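Colleague: As given, the protein sequences belong to chains V and U, one line each in that order. The opening residue of the first sequence carries number 1 in full-length UniProt numbering; numbering runs sequentially from there. The opening residue of the second sequence carries number 1 in full-length UniProt numbering; numbering runs sequentially from there.
Please note that the accuracy of each hint is not assured.
[Claimed, not checked] When the alpha-carbon atoms are kept at most 27 Å apart in a straight line, the in silico DSS-like pairs for lysine-lysine are as follows:
1) U:Lys2 to V:Lys62
2) U:Lys76 to V:Lys62
3) U:Lys103 to V:Lys62
4) U:Lys103 to U:Lys5
5) U:Lys2 to U:Lys103
If you're looking for bench data, these hints aren't it; they were derived computationally from the structure. Keep in mind the model is a prediction, meaning the values are calculated, not measured.
Each chain, letter by letter, is given below.
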Amino acid sequence: MTTADDPDQLEVQFAQWRQYVRRRPELRRSDADELEDHLRGSVDELVATGLRPDEAFLIAVKRLGRLDDLSREFAREHSDRLWKQLVLTGGSDDPVVDERSRRDLVAMVVCALGAAVSIKLPELFGLRFDQDFAFYAPNLSLFALPWLAAFLAWRRRAGPTLIGALVALFTLGAVAANGYPLAADSQSYVLTNIHLPIALWIVVGLAYLADDLRSTRRRMDFIRFTGEWFVYFVLIALGGGVLIAFTVGTFQAIGIDAEDAVTQWVLPGGMVAAVVVAGWLVEAKQSVVENIAPILTRIFTPLFTAVLLVFLAVLVWTRAGIDVEREALILFDLLLVVVLGLLLYSISARDPLAPPGPFDKLQLALVVSALVIDVLVLAEITHRISEYGTTANKAAALGENVILLVNLAWSAWLMLGFVRRRNPFAALERWQTGYLPVYAVWAWIVVLVFPPLFQHL
Amino acid sequence: MKVTKDLVAASATPMVLGILAEGESYGYAILRRINELSGGELDWTEGLLYPLLHRLERLGHVESTWQSPPGERRRKYYRITDSGLAELAEQRRQWDTVVGTLKEIWLGTGEARRFTPIPLEGPA
């Protein structure tokens, strides 16, 4: 090494050290500056005693102590800083980060406003949000999700191919929502209302994944995103409900009826804007807030397992047949969705390398009991269908049941292997993320193929 | 000899305030000065000093400014405030009491006890 290189080398080391320090939320920029000055003072002194700069740097860093200890001491004095990161207005003091989050904020506001304006546009053609339910119900997701996808695509700097695909798929969704002559009381109409948001949400997923469509990790991130988004959306909706109640109440107190303004403007605009805002919140807070969905999972997995096991026991004990009406089938579909959700979100929060524990066995019990119940239901319903023929509703419910059943059955198999240490946890993760396209394909089939197949009934 | 952590922590505030009472200074220089004055016996860490300085600043005992003296790096300098001087006076009174008492115990009662072995408990 030549001596001429040393100062440069040293600067590189300082830069690396700075980068490392800046990752600590407890240490602010000014703290990093102060500590760097300290480090430089220490290095200068050691160099003056005859050490080479790189040696001096090593010793000085060592003297500074472990960064963990240092930041713990800082955290003790500045506990407020960790909390401030959770508050939107308490910006960081890093100009680069600030600039990025400011631009995100602007993009989010543009998309949220766009959503709010777009839902009012049909009014130009004489449609009213509180009256033309037949038009708004199937189209609702089309006023919100494209804007969320636009925000995500903007954030990920999506390429022209992806943007083209997104536009094409949302257009296809619009065609599916409005192209078929469906009566508002037909089964196909209701099915479209339910399935189009699911199909379009997975299109949002494309925007979320952007350049990494096949990566298991990224797909898992999208599953996490979905859960967090849902939690935020519910929270915003609750807050919005309180706001609306106060608005209507206070205006009533001064003799003005605000209800019309609320149902015409605040409710529709706020609803679609909240979709975008919730997405932005998840993106902005990703690394800071401990995921909420996995915590809910931990609480409810034991409870659901207990309920299902008790249900099974009662079923066997009383030998009562399951009375499978259409509603019952949908109920059991939803049950499978809940079980799958519990499974997905505990997978998403789990360290794939951790050995199997009691919670994994509990989860296996949950999945197996749900499967047993579902097989009983399925046997009953196929019997019914073969007897009375099928309808759009029954076909959709049955299809979903089969899809979920296949997913959970193979999941149970993989979990059994994992609990018995036959296969790694990653296999289960891969299976779940690989299954995502199946939901998308099925949702699109229901939306696009079912109406003509069942003669628009 | 190593001064225990508790004692270092307890004495850190009056020491820092005392050094700053001599004139404004910055972190590294304060650490050097402590090291110098204690003959290297007091082992202060950066994890002790900087959070302490920040706490004193929050309490209003010191104030800080970023300065770049000619020919030197930009540094964060700390200056003692009036409230800091008052705090220092108060701390000095308390430490004088503690040190005075210890001196009385160890030296005041006479040289004779210095060589008296401390009796062990239990039967000899």
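Colleague: Now, for every hint given, state plainly whether the structure supports it.
Modeller: Do the hints match the structure? See the list:
1. In summary, the hint linking U:Lys2 to V:Lys62 is supported, as the alpha carbons are separated by about 19 Å, within the 27 Å threshold.
2. Note on U:Lys76 and V:Lys62: the hinted pairing holds, with a Cα-Cα distance of about 22 Å set against a maximum of 27 Å.
3. A threshold of 27 Å between alpha carbons decides the hint, and for U:Lys103 with V:Lys62 the separation of about 38 Å lies outside it, so the pair is violated.
4. With a C-alpha separation of about 22 Å, the suggested pairing of U:Lys103 with U:Lys5 holds against the 27 Å cut-off.
5. As the CA atoms of U:Lys2 and U:Lys103 are separated by approximately 20 Å, the hinted pair is consistent with the 27 Å bound.
Hint violations for this structure: number 3 only, all remaining hints satisfied.
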